[in-house]
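There are 2 protein chains.
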Amino acid sequence: MAQVFPTIKESAGLRLPAWVHSFIQNQTYDFSQTQERMRLAIDLSRENLVQGTGGPFGAAVFELPAYRLVSVGVNVVVPQHTSLAHAEILALLLAQEALLTHDLGKRRLELVTSSQPCLQCYGAIFWSGLSRVVTGARAKDVEALAGSDEGPLPQDWEGEWRKRGISLETDVMRVQACAVLQAYQESGAPIYNPARSTP
Amino acid sequence: MAQVFPTIKESAGLRLPAWVHSFIQNQTYDFSQTQERMRLAIDLSRENLVQGTGGPFGAAVFELPAYRLVSVGVNVVVPQHTSLAHAEILALLLAQEALLTHDLGKRRLELVTSSQPCLQCYGAIFWSGLSRVVTGARAKDVEALAGSDEGPLPQDWEGEWRKRGISLETDVMRVQACAVLQAYQESGAPIYNPARSTP
Numbered sequence: 349m350a351q352v353f354p355t356i357k358e359s360a361g362l363r364l365p366a367w368v369h370s371f372i373q374n375q376t377y378d379f380s381q382t383q384e385r386m387r388l389a390i391d392l393s394r395e396n397l398v399q400g401t402g403g404p405f406g407a408a409v410f411e412l413p414a415y416r417l418v419s420v421g422v423n424v425v426v427p428q429h430t431s432l433a434h435a436e437i438l439a440l441l442l443a444q445e446a447l448l449t450h451d452l453g454k455r456r457l458e459l460v461t462s463s464q465p466c467l468q469c470y471g472a473i474f475w476s477g478l479s480r481v482v483t484g485a486r487a488k489d490v491e492a493l494a495g496s497d498e499g500p501l502p503q504d505w506e507g508e509w510r511k512r513g514i515s516l517e518t519d520v521m522r523v524q525a526c527a528v529l530q531a532y533q534e535s536g537a538p539i540y541n542p543a544r545s546t547p
Numbered sequence: 349m350a351q352v353f354p355t356i357k358e359s360a361g362l363r364l365p366a367w368v369h370s371f372i373q374n375q376t377y378d379f380s381q382t383q384e385r386m387r388l389a390i391d392l393s394r395e396n397l398v399q400g401t402g403g404p405f406g407a408a409v410f411e412l413p414a415y416r417l418v419s420v421g422v423n424v425v426v427p428q429h430t431s432l433a434h435a436e437i438l439a440l441l442l443a444q445e446a447l448l449t450h451d452l453g454k455r456r457l458e459l460v461t462s463s464q465p466c467l468q469c470y471g472a473i474f475w476s477g478l479s480r481v482v483t484g485a486r487a488k489d490v491e492a493l494a495g496s497d498e499g500p501l502p503q504d505w506e507g508e509w510r511k512r513g514i515s516l517e518t519d520v521m522r523v524q525a526c527a528v529l530q531a532y533q534e535s536g537a538p539i540y541n542p543a544r545s546t547p
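Chain order of the listed sequences is A and B.
In case it helps, my numbering puts the first sequence at residues 349 to 547.
In case it helps, my numbering puts the second sequence at residues 349 to 547.
It should be emphasised that the hints constitute simulated quantities derived from the structure, not laboratory data.
Among the clues, some could well be false.
The list treats identical chains as interchangeable, and a pair is accepted whether it falls inside one copy or across any two copies.
No more than 27 Å apart at the CA atoms, straight line, and that leaves these computed lysine-lysine pairs for DSS-like [unchecked claim]:
| hint | residue 1 | residue 2 |
| --- | --- | --- |
| 1 | 488 | 511 |
| 2 | 511 | 357 |
| 3 | 454 | 357 |
Just chain A, same shape as in the assembly (with noise of 0.2 Å):
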């Protein structure tokens, strides 16, 4: 005789907050520069706390050489109820699903993010395909800003990357990525570590 389960969730979903949409669309960047790039993830993680749909983190997708926008992705964790939602893997996931790919290594494309990616979004990398990453603040400024614990990273996290062919460029646009972590502890919002219950 079968057991009678408890009735499962088969499916769930990540989205970006209403705004983003025209939020981009009345802004200008010149995205052949990695600055202006950059500047798209910080405006995002800056607007995301403005309008209080999630942590203060931006991320973006470009396909090169032409710096095509493929994606974008904020930090949605508690809005959308779910740790996995960083802006960096929603911008993967919003990336892949727009190419119909899990693999976007047969293209040659860049993550911009406006903070170093946690242990969780720095091992999605690996699998993901991309080519290229570029970061603006360091784990260590989010910990120290956004309290947040980031995982215990190899200490050579650039070259395991490298190994795999993803080239990496750090502290862009570093101290304006700060600011907007330093916004964050400024206004008292939670912290994301999750509770630890003993079992």
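Fit chain B to the known structure of chain A by using the hints.
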């Protein structure tokens, strides 16, 4: 004058393959036993291979102390075209969707997975609030049999979890979990490492 961006994707979802619900309704497990919880994860990994709906990996989330089944997941990377869709990620996402919280640490939840989590899933577990992880096959089994690069886990990956209150039980039904990986290898199915294009 504002720029006109191409339409970007605003949402994306993940879902269990259609066979999962009726499959588990037709099985009988005694979830009070660790091996029986693992048997569900391995059964899902095997059936996912048989049905051709993704890679040979299965996972489930249980709520302690009653070991109530909260969610399940299988790898749907290729059919749902996202590298994020590992079995553990799907199980986590659906558990958080079922409980409507990004923080599973408010309860006592266990993830049972047919293979040791890769670096992406290892990182995701830090943020999830999971209290306990039970694994079948080891990462080195996955690398040997499924050919994938599981990423640079910290040397003391178990200790990094324990420090944060996440307990671990390994090698549960490892032989049975490896048998599914072996069947995957013998099927000549694709290896999931992304293509690497150098920008």
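Quick rundown of the hints versus the structure:
With identical chains, the CA atoms of residue 488 and residue 511 are at most 27 Å apart both within one copy (24 Å) and between copies (19 Å). Taking identical chains as interchangeable, the C-alpha atoms of residue 511 and residue 357 are never at most 27 Å apart, the minima being 39 Å within one chain and 31 Å between chains. Only between protomers do residue 454 and residue 357 lie at most 27 Å apart by alpha-carbon distance; the minimum there is 19 Å, versus 33 Å within a single protomer.
Hint violations for this structure: number 2 only, all remaining hints satisfied.
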